[in-house]
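Those protein sequence lines, which keep their order, are chains B and V.
Numbering follows the working numbering, with no gaps: position 335 of the first sequence is 342.
Numbering follows the working numbering, with no gaps: position 383 of the second sequence is 413.
Bear in mind the hints are in silico, worked out from the structure with no lab data behind them.
Note that the Cβ used here is the ideal one computed from N, Cα and C, for glycine as well.
Keep in mind that a hint or two might mislead.
[Stated by the list, open to error] Under the rule of at most 25 Å between Cα atoms (straight-line distance), these lysine to any residue pairs were calculated in the SDA-like manner:
| no. | chain 1 | residue 1 | chain 2 | residue 2 |
| --- | --- | --- | --- | --- |
| 1 | V | 149 | B | 501 |
| 2 | B | 479 | V | 186 |
| 3 | V | 266 | B | 159 |
| 4 | V | 149 | B | 159 |
| 5 | B | 495 | V | 213 |
| 6 | V | 266 | B | 333 |
| 7 | B | 479 | V | 235 |
| 8 | B | 114 | B | 101 |
| 9 | B | 495 | V | 149 |
| 10 | B | 495 | V | 217 |
| 11 | B | 495 | V | 211 |
[Stated by the list, open to error] Calculated from the model, a selection of chain V residues having no Cβ within reach of chain B, i.e. all distances over 10 Å:
| no. | residue |
| --- | --- |
| 12 | 57 |
| 13 | 81 |
| 14 | 133 |
| 15 | 170 |
| 16 | 183 |
| 17 | 281 |
| 18 | 287 |
| 19 | 323 |
| 20 | 369 |
| 21 | 370 |
| 22 | 371 |
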Amino acid sequence: MKDRLGIGAIAGVAALALFVWGEFARAVEASAAPVLSVPSIAGPLALADVRALTERLASDDPAVHDQAFRIIIQTGDARFLVLLDEAVVDADRATRVAVKPVKDLLKNKLKLASETDDARRSAAADLGTSRQLSAVPWLEQAAANEPNRWVRYAMEESAALLQLTVGETVLKARAATILGELQSQNGLPALKEFVQQAASDPVSREANQPALRAAQGAIEQIELWSTWANVFETVFRGISLSSILLIMSVGLAIVFGLMGVINMAHGELMMVGAYATFVTQELFKAFLPPNLFDAYFLVALPVSFLVAGICGLILEATVIRFLYGRPLETMLATWGVSLVLIQSARVYFGDLTAVTAPAWLSGGAQVMVGVYLPYNRLFIIGLSVLCVTGIYVLLFRSNLGLRVRAVTQNRNMSACLGIPTRKVDAYTFAFGSGLAGLAGCALTLVGNVEPGLGQNYIVDSFMVVVTGGVGKLAGTIVAALGIGSLNKFLEPSFGAVYGKVFILVLVILFLQRRPSGLYALKGRQVD
Amino acid sequence: MIAEAADEKPRDGGEGLTFWFLGLVLLIILPALNVLPSDDSWLHVSDFTLNRFGKFLAFAILALGLDLIWGYTGILSLGHGVFFGIGAYCIGMHLMLTIGTESVYGNDLPDFMVWNQVKELPLFWKPFYSFSVAVLGAILVPVFCALIFGFLAFRSRIKGVYFAIITQAVALSAWLVFNRNETNLGGTNGLTDFKQILGFRLSESGTQRALYVITVLALGGAYFLCRWIIQSRAGKVLVAIRDSEQRVFFSGYSPATYKLFVFVVSAGLAGLAGMLYVPQVGIITPGQIGVLPSLEMVIWVAVGGRGTLIGAIIGAVGVNFGRSILTNYFPELWPFFLGGLFIAVVLIFPDGLVGLMRRLTIGSVRKTLGLEKPSAASEGAQP
Numbered sequence: 008m009k010d011r012l013g014i015g016a017i018a019g020v021a022a023l024a025l026f027v028w029g030e031f032a033r034a035v036e037a038s039a040a041p042v043l044s045v046p047s048i049a050g051p052l053a054l055a056d057v058r059a060l061t062e063r064l065a066s067d068d069p070a071v072h073d074q075a076f077r078i079i080i081q082t083g084d085a086r087f088l089v090l091l092d093e094a095v096v097d098a099d100r101a102t103r104v105a106v107k108p109v110k111d112l113l114k115n116k117l118k119l120a121s122e123t124d125d126a127r128r129s130a131a132a133d134l135g136t137s138r139q140l141s142a143v144p145w146l147e148q149a150a151a152n153e154p155n156r157w158v159r160y161a162m163e164e165s166a167a168l169l170q171l172t173v174g175e176t177v178l179k180a181r182a183a184t185i186l187g188e189l190q191s192q193n194g195l196p197a198l199k200e201f202v203q204q205a206a207s208d209p210v211s212r213e214a215n216q217p218a219l220r221a222a223q224g225a226i227e228q229i230e231l232w233s234t235w236a237n238v239f240e241t242v243f244r245g246i247s248l249s250s251i252l253l254i255m256s257v258g259l260a261i262v263f264g265l266m267g268v269i270n271m272a273h274g275e276l277m278m279v280g281a282y283a284t285f286v287t288q289e290l291f292k293a294f295l296p297p298n299l300f301d302a303y304f305l306v307a308l309p310v311s312f313l314v315a316g317i318c319g320l321i322l323e324a325t326v327i328r329f330l331y332g333r334p335l336e337t338m339l340a341t342w343g344v345s346l347v348l349i350q351s352a353r354v355y356f357g358d359l360t361a362v363t364a365p366a367w368l369s370g371g372a373q374v375m376v377g378v379y380l381p382y383n384r385l386f387i388i389g390l391s392v393l394c395v396t397g398i399y400v401l402l403f404r405s406n407l408g409l410r411v412r413a414v415t416q417n418r419n420m421s422a423c424l425g426i427p428t429r430k431v432d433a434y435t436f437a438f439g440s441g442l443a444g445l446a447g448c449a450l451t452l453v454g455n456v457e458p459g460l461g462q463n464y465i466v467d468s469f470m471v472v473v474t475g476g477v478g479k480l481a482g483t484i485v486a487a488l489g490i491g492s493l494n495k496f497l498e499p500s501f502g503a504v505y506g507k508v509f510i511l512v513l514v515i516l517f518l519q520r521r522p523s524g525l526y527a528l529k530g531r532q533v534d
Numbered sequence: 031m032i033a034e035a036a037d038e039k040p041r042d043g044g045e046g047l048t049f050w051f052l053g054l055v056l057l058i059i060l061p062a063l064n065v066l067p068s069d070d071s072w073l074h075v076s077d078f079t080l081n082r083f084g085k086f087l088a089f090a091i092l093a094l095g096l097d098l099i100w101g102y103t104g105i106l107s108l109g110h111g112v113f114f115g116i117g118a119y120c121i122g123m124h125l126m127l128t129i130g131t132e133s134v135y136g137n138d139l140p141d142f143m144v145w146n147q148v149k150e151l152p153l154f155w156k157p158f159y160s161f162s163v164a165v166l167g168a169i170l171v172p173v174f175c176a177l178i179f180g181f182l183a184f185r186s187r188i189k190g191v192y193f194a195i196i197t198q199a200v201a202l203s204a205w206l207v208f209n210r211n212e213t214n215l216g217g218t219n220g221l222t223d224f225k226q227i228l229g230f231r232l233s234e235s236g237t238q239r240a241l242y243v244i245t246v247l248a249l250g251g252a253y254f255l256c257r258w259i260i261q262s263r264a265g266k267v268l269v270a271i272r273d274s275e276q277r278v279f280f281s282g283y284s285p286a287t288y289k290l291f292v293f294v295v296s297a298g299l300a301g302l303a304g305m306l307y308v309p310q311v312g313i314i315t316p317g318q319i320g321v322l323p324s325l326e327m328v329i330w331v332a333v334g335g336r337g338t339l340i341g342a343i344i345g346a347v348g349v350n351f352g353r354s355i356l357t358n359y360f361p362e363l364w365p366f367f368l369g370g371l372f373i374a375v376v377l378i379f380p381d382g383l384v385g386l387m388r389r390l391t392i393g394s395v396r397k398t399l400g401l402e403k404p405s406a407a408s409e410g411a412q413p
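With the hints as constraints, model all of the structure from the sequences given.
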């Protein structure tokens, strides 16, 4: 058995060596380069041969270089790559520099057959910019067997791109058309460059006439498409920001509606939720097997809700209940709480900690050419929808919800009817805080976990609550959607800062018409 | 309310006495101690201390204005840092232009403009070559901004929490805008490196002493202005608005006009404070006008005692004094302390230091005489 293996191995190596030799010889014949002293490779492919090849790669004579290059590329497989690595271990700098592109090319060729989609895709993209025509057949072959649509897309795109940039003139028109049909974003600069080059040189303009026309058509096609893709992405980003704002402000809005209190520490309860997520992650890392790690986020969601909810309960019991009916004082006191919480987090956790998103939330879904929707954003949108649905069910289908609504409408009357208003306050406040915790957990997916985390969006979410009014949850939803998407629509033309200022002006003007937000409580109100 | 108003008189007398005493100390004794005794005498007040007090007293002017709208009228503004900042930037721009070619780059333009490759002085900077424009601008620009914002806000009856949130958003926006480089206001680094004011070197102790005296005088002026306002009929309406806006409305007054008036006055005072602050401190950055500084200003008033003018002054000086000591020795502790102050002042002593002192002294005297009455501020806070 052992013997047979050994023989097999030797035979294999010998075959490879023969193959290399054959190619080598053919290459020598093909090019009219000066005769090279080719080492005889009768036995297994030796390190010395590869070393000789690499030396030729570094040669100043382009013919010698090309020849060696071609041989290596055509022989390229995994084993050769190892040998190549060994060969340059103690080579001089020039050789290593010369070998580097060859190695990259070979690596990418191997990666084209990789197991993971992302690896194949990035290999295809790399080859597209390698300016090596020999990669075209590899890409075409790989594309033919490719199961994943978007990886295939990348392969086709790269092949066409190579044809356009370094291919033969006759094939360029076809390549340009393909790029246009693929709506290839990556192809756009190459197409433009091609058009510019071809147009500036009268001689080549003649020869390239059909290709030039095809390229111009392709550019138009791609630019039109990218406009639409942009619109789509802006809408998505708007919805994504809106969902973040929504998930942060619903808790705030419920508490505001019920108790007339804006909880300035809401952002810090979010921070608490984010740190709860972080701690859950660390615990999973420390005590559970690594294959369970990705599940930590599912555990972190309820954990952050509970932790923040408990914090809220404590906050209500120690500070807020003593300030009933004094909303402005409550704001100041809760701001004080937020300062203490921020500083505590800074002292305890340090300035910056990051949560690793679980594998199933990294990456994204490509829905169209040029439109890529990250999973974490989709998850947050889903979570906010879930939260709002949950709140609706809780408010309109549960006993507690009935009481909350009653107290919101008329506190004294509810108390007369035997509703324990203080308890309702406490539970609602805890629930609102829990929602903040959930928001914090979600925010770890899109940013760092830092003590100042809550401050980033908090003024925006106050604005959402104020614009939405306290009468109905719908007000908060509409306001979050409005402010969030407006923010993203204004960002490209105004810039982030002026967009924000503009929104503030809009909100102030809006409050001219409706001083207590979109949906004010109806009925006789005395303040 | 009427009984309350009758009650104001004797208390104001007491407050006045405190004021004159403080005025004497601040205006004459402190500068005198700075100049007269030799440097190593224990009585000597160093230039640094005097300068620091000048800064605190500038803050006190702002606190007076804030007290006027919050303590007396019951409107919580979380955006007063903006008015302070506008005043500060106005005078800062003038001081920037007077640096001339003494700057690091030796260019007529301010350093940050050279650095940002701005070739020509922006148009809105040009009027600030004149000192009088800068001084007037430092007060009138905030007044104008407050007029527009206040008109919009009070006309549509935005009040209470809504008003607070909107003003906070204004503070955030202003902070963002002042931070930008393309607004040509120095970006994050703000305006600094001033050399002279009206030809006097800012580095000389004589100049600083003069600035200190001017600040004390300005504070005195602001105090009398505020006292005059609150003792006038309009002042009574302001307090009435705090206690029940609707009743004032039904009595035929227009609360919006009174609120706008007091908001504008307090914005002007904030601008004045900013104007006096900059030459003494030598720097103004967006960090001093954002959300947190604006909230801190509210806390000065709360700590000193809402609804008493002297309380606002004591609060501003006291909190800032505490801050400069604490941040010096325990920088980590300051946020805890500030946060704790926010909570404590609301929960434990809502009338501030003045209320506390009154409770300790006058309160006990009154109790023995059977004249105990709840103070105005705490009652007003619970409409």
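Subject >> Check on residue 57(V) being off the interface with chain B, judged by Cβ distance over 10 Å >> reply: 33 Å, holds
**OP:** Mind verifying the non-interface call on residue 287(V)? Its CB should be farther than 10 Å from each CB in chain B.
**Re:** For residue 287(V), whose nearest Cβ neighbour in chain B is about 17 Å away, the distance exceeds 10 Å, so it holds.
Original post:
Closest CB-CB distance from residue 170(V) to chain B, is it above 10 Å?
Top reply: Label holds. Min Cβ-Cβ 22 Å, cutoff 10 Å.
Subject >> residue 266(V) paired with residue 159(B) [C-alpha distance capped at 25 Å] >> reply: 79 Å, violated
**OP:** Compare the distance between the alpha carbons of residue 495(B) and residue 149(V) with 25 Å, and conclude whether the hinted pair is satisfied.
**Re:** 33 Å, violated
Original post:
CA of residue 149(V) to CA of residue 501(B), is that 25 Å or under?
Top reply: Holds: residue 149(V) and residue 501(B) sit about 24 Å apart, inside 25 Å.
**OP:** Would you check the hint for residue 266(V) and residue 333(B), treating anything up to 25 Å between C-alpha atoms as holding?
**Re:** Holds, because 22 Å separates the two Cα atoms, which is no more than 25 Å.
Original post:
Going by Cβ atoms, does residue 369(V) stay more than 10 Å from chain B at every point?
Top reply: It is violated; residue 369(V) is separated from chain B by about 3 Å at its closest Cβ, not greater than 10 Å.
Subject >> residue 281(V) and chain B, when compared Cβ to Cβ, separated by more than 10 Å >> reply: 16 Å, holds
**OP:** Measure nothing beyond the straight line between the CA atoms of residue 114(B) and residue 101(B); if it is 25 Å or shorter, mark the hint as holding.
**Re:** Satisfied, since the Cα-Cα distance of roughly 20 Å is no more than 25 Å.
**OP:** For the pair we were handed, residue 479(B) and residue 186(V), check the Cα-Cα distance against 25 Å.
**Re:** 21 Å, holds
Original post:
Between residue 495(B) and residue 213(V), is the straight-line Cα distance small enough, at 25 Å or below?
Top reply: 22 Å, holds
In summary, the numbered hints that this structure violates are 3, 4, 7, 9, 16, 20, 21 and 22.
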